[in-house]
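K.L.:
All chains, full assembly: derive it from the sequences and hints.
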Amino acid sequence: NAGVTQTPKFRVLKTGQSMTLLCAQDMNHEYMYWYRQDPGMGLRLIHYSVGEGTTAKGEVPDGYNVSRLKKQNFLLGLESAAPSQTSVYFCASSRLTNEKLFFGSGTQLSVL
Amino acid sequence: AQSVTQLGSHVSVSEGALVLLRCNYSSSVPPYLFWYVQYPNQGLQLLLKYTSAATLVKGINGFEAEFKKSETSFHLTKPSAHMSDAAEYFCAVSPRSNSGYALNFGKGTSLLVTP
Numbered sequence: 001n002a003g004v005t006q007t008p009k010f011r012v013l014k015t016g017q018s019m020t021l022l023c024a025q026d027m028n029h030e031y032m033y034w035y036r037q038d039p040g041m042g043l044r045l046i047h048y049s050v051g052e053g054t055t056a057k058g059e060v061p062d063g064y065n066v067s068r069l070k071k072q073n074f075l076l077g078l079e080s081a082a083p084s085q086t087s088v089y090f091c092a093s094s095r096l097t098n099e100k101l102f103f104g105s106g107t108q109l110s111v112l
Numbered sequence: 001a002q003s004v005t006q007l008g009s010h011v012s013v014s015e016g017a018l019v020l021l022r023c024n025y026s027s028s029v030p031p032y033l034f035w036y037v038q039y040p041n042q043g044l045q046l047l048l049k050y051t052s053a054a055t056l057v058k059g060i061n062g063f064e065a066e067f068k069k070s071e072t073s074f075h076l077t078k079p080s081a082h083m084s085d086a087a088e089y090f091c092a093v094s095p096r097s098n099s100g101y102a103l104n105f106g107k108g109t110s111l112l113v114t115p
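Protein sequences, first through last, are from chains G and D.
Residue numbering for the first sequence follows our numbering, starting at 1 and increasing by one per position.
Residue numbering for the second sequence follows our numbering, starting at 1 and increasing by one per position.
Watch out, some of these pointers could steer you wrong.
[Said to hold, decoys possible] Simulated crosslink set (DSSO-like; lysine-lysine; CA at most 30 Å straight-line):
#, chain 1, residue 1, chain 2, residue 2
1, G, LYS57, D, LYS58
2, D, LYS68, G, LYS9
3, G, LYS71, G, LYS57
4, G, LYS71, D, LYS68
5, D, LYS49, D, LYS68
6, G, LYS57, D, LYS49
[Said to hold, decoys possible] Only part of the chain G face toward chain D is listed, based on derived beta-carbon distances under 8 Å:
#, residue
7, GLY42
8, LEU43
9, GLY53
10, THR54
11, PHE90
12, THR97
13, LYS100
14, PHE103
15, GLY104
16, SER105
17, GLY106
18, LEU109
[Unchecked claim] A few chain D residues that don't get close to chain G, going by computed Cβ distances all over 12 Å:
#, residue
19, VAL4
20, ASN61
21, PRO95
To be clear, the hints were calculated from the coordinates, so they are not data collected in a lab.
Just so we're clear, the structure is a prediction, and the values are computed from it rather than from any experiment.
Glycine included, C-beta positions come from ideal geometry on N, C-alpha and C.
P.N.:
Written out as structure tokens, the structure is:
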């Protein structure tokens, strides 16, 4: 059972480049989330989805876009990367909003 | 929005000593409360969750947490620390509502266990 899978695990971008992070879950969960983790800041919610075809903004959505075309996938896009977006990105999913979150292993992104 | 405050960004204990990680929440109505653990280079894993069934919640790996409404606290404890407990611990809060998402994490406490 794979759980939540994130790709890629590492990426280095130059300022202004674009990229997409892919999150896939095989647990048939309705809720999916993208967080970023920065030292001393904990986890901050970027965007989330409450079901296929839906997305909503979290705490720090600026500079990111998301799409949930299929229930099992949740994509996070950076249209024009900035050094401030250097971070570790985590995807998570859950059956309901108040239930256990299952996390992926993270994507380490550096923007130079 | 509901929030949690974790007191102490770093806590150091000796192997075999009591572990106490502090978390206070801000909410007028008792929320759902969680503790997650993150081992190096991994995602977060759920340690335990408070849902109001009992004020003392037992989790995995010998951890437990006590919900105290009068103190708006949900501190995490373990009677005897093990070297493998060294990790980052996050407290999180969610309101008693399914009307959208609102799980907020604290900034985390890094636990160091010394021999």
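K.L.:
Close enough to count: is the Cβ of SER105(G) nearer than 8 Å to one in chain D?
P.N.:
holds, 5 Å
K.L.:
With a cut-off of 30 Å on the C-alpha distance, tell me whether LYS71(G) and LYS68(D) pass.
P.N.:
Distance ~38 Å between LYS71(G) and LYS68(D) Cα, so the pair is violated.
K.L.:
Using the nearest Cβ pair, does LYS100(G) come within less than 8 Å of chain D?
P.N.:
Cβ of LYS100(G) sits 5 Å from chain D, so the hint holds.
K.L.:
Test the statement that ASN61(D) is away from the interface with chain G: the closest C-beta pair must be farther apart than 12 Å.
P.N.:
holds, 15 Å
K.L.:
Do the numbers back the hint for LEU109(G), that is, is its least Cβ distance to chain D under 8 Å?
P.N.:
This interface hint is violated because 15 Å lies over the 8 Å limit.
K.L.:
Are all beta-carbon distances from PRO95(D) to chain G longer than 12 Å?
P.N.:
violated, 8 Å
K.L.:
Using 8 Å as the Cβ threshold, decide whether LEU43(G) counts as touching chain D.
P.N.:
holds, 4 Å
K.L.:
Run the distance test for LYS71(G) versus LYS57(G): straight-line Cα separation, threshold 30 Å.
P.N.:
Satisfied, since the Cα-Cα distance of roughly 18 Å is no more than 30 Å.
K.L.:
Hold the hint about PHE103(G) up to the distance rule: shortest CB distance to chain D must be less than 8 Å.
P.N.:
holds, 3 Å
K.L.:
Taking the closest Cβ pair, is GLY53(G) under 8 Å from chain D?
P.N.:
violated, 16 Å
K.L.:
Would the hint linking LYS68(D) and LYS9(G) be met if the CA-CA limit is 30 Å?
P.N.:
The given pair, whose Cα atoms are some 40 Å apart, is violated under the 30 Å limit.
K.L.:
Under the criterion that the straight-line Cα-Cα distance not exceed 30 Å, is the pair LYS57(G), LYS58(D) satisfied?
P.N.:
The hint is violated at about 33 Å.
Hints 1, 2, 4, 9, 10, 18, 19, 21 from the list above are not met by this structure, while the remaining hints are.
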